[in-house]
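Q: Read off the chains here:
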Amino acid sequence: MFLAIALCKMLTALLSLFGRGSSLPGSIALKLCPNLLAKMKLPPLIVAVTGSNGKTSTTEYVTELAKKTQKTVISNYQGSNQIDGIVTLFAKHSNLSGRVKADIAVIESDERFCQYTFRYFSPQYILVTNLYRDQMTRNGHNEYVFDQLKKGLPITSTLILNADDPLSAAFAFDRDDTIFFGIDEDVFPGSYNPSVCSDRDFCPVCSSPLRYSSHLIYHLGRYHCSSCNYSRPETTHSVSSLIADKVVIDGLYDIKPQMLNCMFAANTAAAFTIGVEVFALPEEVVEATLNGYILKNDRMKRFDIDGHKGMFLLSKHENTMAYNMSIRTIIESRSNAKTVVVIFDLLSRKYIANDISWLWDIDFELLNNPKVKLIILSGAFASDLATRLSFAGIERQQIRIMPDIRNMTDSLSEIATGEIFVMTCFTDQKKFLGRIKEEV
Amino acid sequence: MIKIAHVYNNLLNLYGSWGNLAVLERYLTESGYEVSLNSFSVGGYSNLSDYDLIYLGAGTESRMLQALSDFKRFHADIKQYLKDDRKILATGNSMAILGEKVTDDGSVYEGASVIDISTVIGSNRNYSELILSSRLNDHPVIGNINSSITITYGKDPVFFDILSQSVGNRKQEGVQKGSIYATELSGPLLVRNPYLLHSFCEVLVEKALPMNTNEWFATALNGYSSSLATLKKQLKHH
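As you go down the protein sequences, you meet chains V and D in turn.
The opening position of the first sequence corresponds to residue 1304 in the numbering used here, with each subsequent residue numbered one higher.
The opening position of the second sequence corresponds to residue 2 in the numbering used here, with each subsequent residue numbered one higher.
Treat the hints as calculated values from the structure; they're not laboratory data.
A couple of the hints might just be wrong.
[Unchecked claim] Quick list of simulated restraints, FRET-style, between CB atoms: (1) V:N1532 to D:E111: 27 to 33 Å; (2) D:T104 to V:A1309: 48 to 54 Å; (3) V:N1398 to D:N170: 46 to 52 Å; (4) V:E1537 to D:S134: 56 to 62 Å; (5) V:K1370 to D:N125: 37 to 43 Å.
Heads up, the beta-carbon is just placed ideally off N, CA and C, and yes, glycines get one too.
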């Protein structure tokens, strides 16, 4: 253990000089000592955050709240969320005998990797944000992720679950002390779109038809199965209404999220729940901490391209919710004339994966909007995007197909009409952002 | 009129399966045919003889088993449907519904037995990208398999010969028996492969069709050419 930790610390320090190294040091340490996490003396309170969407944002919120306890806090929200990244985090903050010098650890964990990470230790609390269609080439589908994640939720951990999501809320079965958060009925009246993809018709428990009295988005909402009586559980804390650009939690606490949509609202409710129920912070302190908080891991950037203003929306490829939230942000923005750029050039640097099926799960139909004047499709899959959009009711003359991202970026300011919105993923973002000037 | 049924549309709708129907409907319409597209699911009334094509898409393992269970009520009708030379297209794991049996965690479920395959549902996911050839035309087909099933093929004629693949060493894929076209390839297969779409439409209408000359089809062909070139390169270096 001593050698593994020492090497991990050295590599972490060395690689940090190059702005890298959140997973490699841990990976090497695990080769030297596979059960290192079981041998280390970990912080007395560990809170883990997992799920398909909102992991990183919620982990950052929770980390900020943990700091309000005046205790020493460590977190991996800016690093790798698989077991090697978590080893790197703990080793970095431990002494050579393996005692981690922190009171609280807030850990973001990949949902499929919980079963490996939490084999060695059990977080006292695990928050599952939601389960959506995400990275289907790697994850298969969300029922498969449910089965994998279920193996990684120790029975001794208290779960904090999204009441509105019938799939992830089903983790509460056979557990007594689950805490739920959610969004009350009719808070986001226009958020539901009868989408092209559906996971909402059948009960995740008994497979009978699942009925909804109201929908939030996709399979989220107020559900009830008349066969097995599975229904949306009561929440401990929830978004009860909206006032201007703020969400109101429990009818009392006003919090301005970075973006006012149901994803950010749910993340805020989740973080609020942990602040109050786990860290035992006064509600007012939680409210003040989260209100107007700007995420360091900001996935939305403003840019200027030859005097033309624009917004970059980092949108994970193969993640239906991420793209749909970006599309909603674009549609709901105030500008009357919009140019939308979608870049799809690469799915994976590691694997052979050229899947386009996820494009057919995204509600590109929403771009069929009079304020969207032009849609530019770029990257190696530009033609596949154009074919998909041709089935979304968007007129061909509204679309420009420009596979070469460099040429597209260079001519964007001349072609664009109105405000520019660019959507793409981590794998492709530098191909665009590397050529433009971001605003601070 | 070409009558198409999307069967178990709310169960078997993974990986953009609906794209196959959208593109079929458009291609046939632009070829001068009137098309009706209907759907029915668990317990829903339907008379198979009302349709010229039945389509089954990909689903999660539990939803596929749910569909397989409901499809028992059509086991007698489906044989008559096929005798009448009406067509079935199955993509992804739904082809298991047409086979002899499906085994899941020790339990064995009876299939429609119209194709000679047996399926086992496993616990691991398989994702593979493939280049294949079909008997419908000379153009290579690109596709992917994303499933946790293993299919054992019997003596039925194959749908595709596998030319290269990213994972595994299989030689053949799918079944093309009479008017049944069943493949484990998932996603919007007919969107990605415009030549396959054209040939399949010819199968449906039972006559040669002129190639579509509309702009969207040319765009789809561009996407196909680009993806084929990329995949060839990737698999060569694999």
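Q: Determine for every hint whether it applies to the structure shown.
A: Hint-by-hint comparison with the structure:
1. V:N1532 to D:E111: 27 to 33 Å: 31 Å, holds
2. D:T104 to V:A1309: 48 to 54 Å: 50 Å, holds
3. V:N1398 to D:N170: 46 to 52 Å: Since the Cβ atoms of V:N1398 and D:N170 sit about 50 Å apart, the hinted range of 46 to 52 Å holds.
4. V:E1537 to D:S134: 56 to 62 Å: Because 57 Å falls inside the window, the suggested range holds.
5. V:K1370 to D:N125: 37 to 43 Å: 41 Å, holds
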